[in-house]
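Model the full assembly from the supplied sequences, consistent with the hints where possible.
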Amino acid sequence: MTFSLGSQPAPPARDPPAEPTISPDDAGPGAAGERLLVCISPSPLSALVVQATWRMASRLRVPWVAAYVETPQHARLSQKERGRLTQNLRQAELLGAEVVTLSGDAVASTVLAYACRCGVTRIVLGKPTHPRWYDVLFGSVVEDIIRGSGDIDINVITGEPGAPTRPPLLLIPSQAPPLAYGKSALVLAVATVLAFFVDQFFGLTEVIMVYLLGIVLVALRYGHGPALLTSTLSVAAFNFLFVPPRYTFAVAEGRYLVTFTGMFVIGLVISNLTARVRWQADMALARERHSSALYSLTRALSRERDTAALARRAALHVADFFGCQAMVLLPRRSGRSVASLGAQREAPDLEQVSGTADCFTLDERERSLAEWVFSHNDIAGLGTGTQPQHPSLHVPLASADRCIGVLALRPVSRQQLMEPAQRNLLIAFCDQIGMALLRALWADEAQRTARRAEREELRNTLLSSVSHDLRTPLAAIAGTASTLLQQEGRAETRMSEALRRELLEAICEGAEHMNRLVINLLDMTRLEFGDIQLHKEWIPLSEVIGSALNRLEQRLGQHVVAVNLPAELPLIPLDPVLAEQLLHNLIENAIKYTPPGTLIEISAAAAPNMVTVAVADRGPGIPPDAEERVFEKFFRGPYRHGKGGVGLGLTICRGIVEAHGGQISATSRSGGGAVFCFTMPIEGEPPPMPPDGVLAESAPDELAPQGAPAP
Amino acid sequence: MTDKRPQVLVIEDEPSLRRFLSVTLRTNDYQAVEAETAQKGLELVASRPPDLILLDLGLPDLDGIELTEQLRQWSQVPIIVLSARNRETDKIRALDAGADDYLTKPFAVGELLARLRVALRHRARAQGAAGDPIFEVGDVRVDLARRQVTRGGEEVHLTPIEYRILTLLVQNAGKVTTHKHLLTTVWGPKHAGEVHYLRVYMAQLRQKLEADPNRPHLLLTEAGIGYRLKSE
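Sequence lines, in order, name chains A and B. Note that the working numbering has the first sequence beginning at 1, numbered continuously upward. Note that the working numbering has the second sequence beginning at 1, numbered continuously upward.
None of these hints come from the bench; they were simulated from the model. For clarity, every value in this text was computed on a predicted model and none was experimentally measured. Beta carbons are placed, not taken as given, at the ideal position from N, Cα and C, and that holds for glycine. Fair warning: there could be bad hints in the mix.
[Said to hold, decoys possible] The calculated label-pair distances, taken between Cβ atoms and stated as ranges, are:
| # | chain 1 | residue 1 | chain 2 | residue 2 | range |
| --- | --- | --- | --- | --- | --- |
| 1 | A | His535 | B | Glu232 | 30 to 40 Å |
| 2 | A | Arg555 | B | Lys190 | 34 to 44 Å |
| 3 | B | Lys190 | A | Asp363 | 37 to 47 Å |
| 4 | A | Arg299 | B | Thr104 | 47 to 57 Å |
[Unchecked claim] Far from chain A, some chain B residues (derived; all Cβ distances over 10 Å):
| # | residue |
| --- | --- |
| 5 | Ser47 |
| 6 | Arg72 |
| 7 | His122 |
| 8 | Arg151 |
[What the hints assert, rightly or not] Output of the computed footprint for chain A on chain B, the stretches with three or more beta carbons under 8 Å from beta carbons of chain A:
| # | region |
| --- | --- |
| 9 | 196–208 |
| 10 | 218–224 |
Below, the structure written as structure tokens:
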């Protein structure tokens, strides 16, 4: 390992592993419970250590983790080192390691804390290549890990000599903007003015305090770079302005040199400490931002049901969070099932389902790269092992080894997604999206299957029902007609006039029956396919009942109908044709299931924003437990009088009522019989009526005397 | 020798229905002329003007509604359209285009003959035959000259709008009168969409004229289309 830190690493805070955190599956078939961890750094040596760990892990047949610790030093890594780090991590991933990025102040304590938490039994480290004095001066990560390892085994592997070592990080690199330096100079100026006042009344010690105060302020506010500058300048200003002889840099007494050194060192320490605190706070903030981003993504995705909507939301979320353009590519849904999706290896024909607001389109190269990513289930593009010079980054959206789609990202700058932490978060995002997509795809698939099965069943029932119910009257019509035709012209066997009439009536009856069946079948099909468009108009219920009864005039026969409507029934918004059909079917149902001569009662009651209509009969009532089933397709009650239908009339009723936003129910009546009740919501109010007497033309149509005033 | 029987032109592409209509017409004292396409129908109307046309709306070569529009540019011959159920919009469009009435397939012979009689009666009136100022159906009697409505011999008091609606229905007795026609005539074109005006007044009229307003036998509803005053 080539990591060292300026500060003395704190003894690793370790919690004893309270419970075995490793599941039997993770342990693999090898040494039970074993788990290796290798520390990765940007050093080329690290690749060798990774390979060694991989060999060890595969020999032991145990799972292994490759960990990178992001410390404050991370910001100082050069482009080349970053590339190497990504490469090392990628290599570990390819070799089957679980790659984690940890962030912490010190490498040793962070690694040990993680190892304890995750049940790591052995840590593999690279042997340091720097001289011994270096360790003595700056501390050694290897030493620290070994010392804090407890019951974890440590393997230290020899790396190749001559690997470049980085001088220890005494100072955390500064990223303060130039303006901060200017502002810190201002703080210094203010401190100096204050120092003049303090000097008037107190002594030099207090002056130093004023300057130190300024340094702390700058360190807190602008980071340690400006603080360092302020420290230097403070010493200079103190020397020049206050230390006798004044207004020269010359120093009269030697003890002031100690004061200067002390002042400078204190400034240095303060600035470094403050910077570290700031860095830790930033890290915590970043982590918190990451986890909350992941959480909000998961939440957002869990709300979406539809695959396309889900993909769109995911792309928006990614684009929003990473500040880049994002797009999700899914295989075209040409009726392909999920099962064949992942198995697809040749040209997947990806379809862009979602883009960000400033939607970008993939060019030919990007598209082919996306297809490569899809078929290989591997990340590619910008800064990865495959086509790293590509302007966009393509990440597979996979779940359970199956690639479901590709997330294409086009960062604004090339650096944007190079950070391991960012990369890791992106991968975590993609895992979530992949899982959500898989869930949505399976849900789609399940729904499709269910719908197909339902359709299949409906078709079968419909076919058997139709073939039986239509053939019966058809057979009667055809048979009777041919009998009549045969008898025609045969004077000797000529049938009586009465018989002829009877046969002719049978034909008419059969045709009428068939007509009803066809009407019901057509209505049902229209309702099934959601093909109904409501044309709601404000209608008095009496009109609907009247026209339904009128249509049933012939069929009512000996049935007695009593219509009982309250006088103040409001107008109801109904589709006139469908509403008539609804009443027609309900009354027809009553006729069908009740003996002639019995009473059919139609009544209504108004409630706020609703009207309830009931059609009651004195038939055999609803069979027990069939209150719901009577509305099902092809359900036919057991006590029919005469020819029944296909069992669609009430299903159509339910369809019509529900299309209007109402509810329908069937119950048995006390005293025998059935009641079919439906409600119709009343939303809004009909436009006001113009007063009677206001006519299109002012025609003197007055009828004298004026009897009934308009309501 | 000229045939005095009314001549009916049947424009229908389905052979069995055409044959049924022809046979029915001939056995009921009508002359029947058949046309299986709209084109042939148009030619026949021009060459042998019929007294009435039975027109199927679903013709293969030309939409029955368009045919009605074309015919109405030069002929006032009554047109009764034949249409399937659930085609209310088609029926309304045909009636708006100038058709006189409609029949929903399948229909009974009695219904067909009643429509034919009504249509021919209206045609006779349009051609100048003096209209009877008194209309009577059931126990209701409307005296258009004296503006008097009685039911069972007793005078019924109607509001101006009710009376206006009733006279329109009487003028079209036996035929369907569309909502639009009633609304534009009574309230003006601006109110052509306010069908509920009409519905409320029709309910009032039924209260005054029908024996059982909830089971009307005179003022019939043609759901989604209009009203029909029974005439026989």
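Status of the hints after comparison with the structure:
In this structure, A:His535 and B:Glu232 meet the distance hint of 30 to 40 Å, their C-beta atoms being roughly 31 Å apart. Between A:Arg555 and B:Lys190, the C-beta spacing of about 42 Å keeps the proposed range 34 to 44 Å intact. Separated by about 58 Å at the C-beta atoms, B:Lys190 and A:Asp363 break the suggested range of 37 to 47 Å. Our hint of 47 to 57 Å for A:Arg299 and B:Thr104 holds, since their Cβ atoms are close to 56 Å apart.
The claim that B:Ser47 is not at the interface with chain A holds, since no C-beta of that chain comes within 10 Å of its own (minimum 36 Å). For B:Arg72, the requirement that its beta carbon stay farther than 10 Å from each beta carbon of chain A is met, with the minimum near 24 Å. Once the 10 Å rule is applied to beta carbons, B:His122 is consistent with being away from chain A; the minimum gap is 22 Å. At roughly 12 Å from the closest C-beta of chain A, the C-beta of B:Arg151 stays outside 10 Å, upholding its exclusion from the interface.
Here the region 196–208 of chain B counts 9 residues with a CB under 8 Å from a CB of chain A, which clears the bar of 3, and the coverage holds. Residues of the region 218–224 of chain B with a Cβ under 8 Å from some Cβ of chain A number 5, which satisfies the need for three, so the listed coverage holds.
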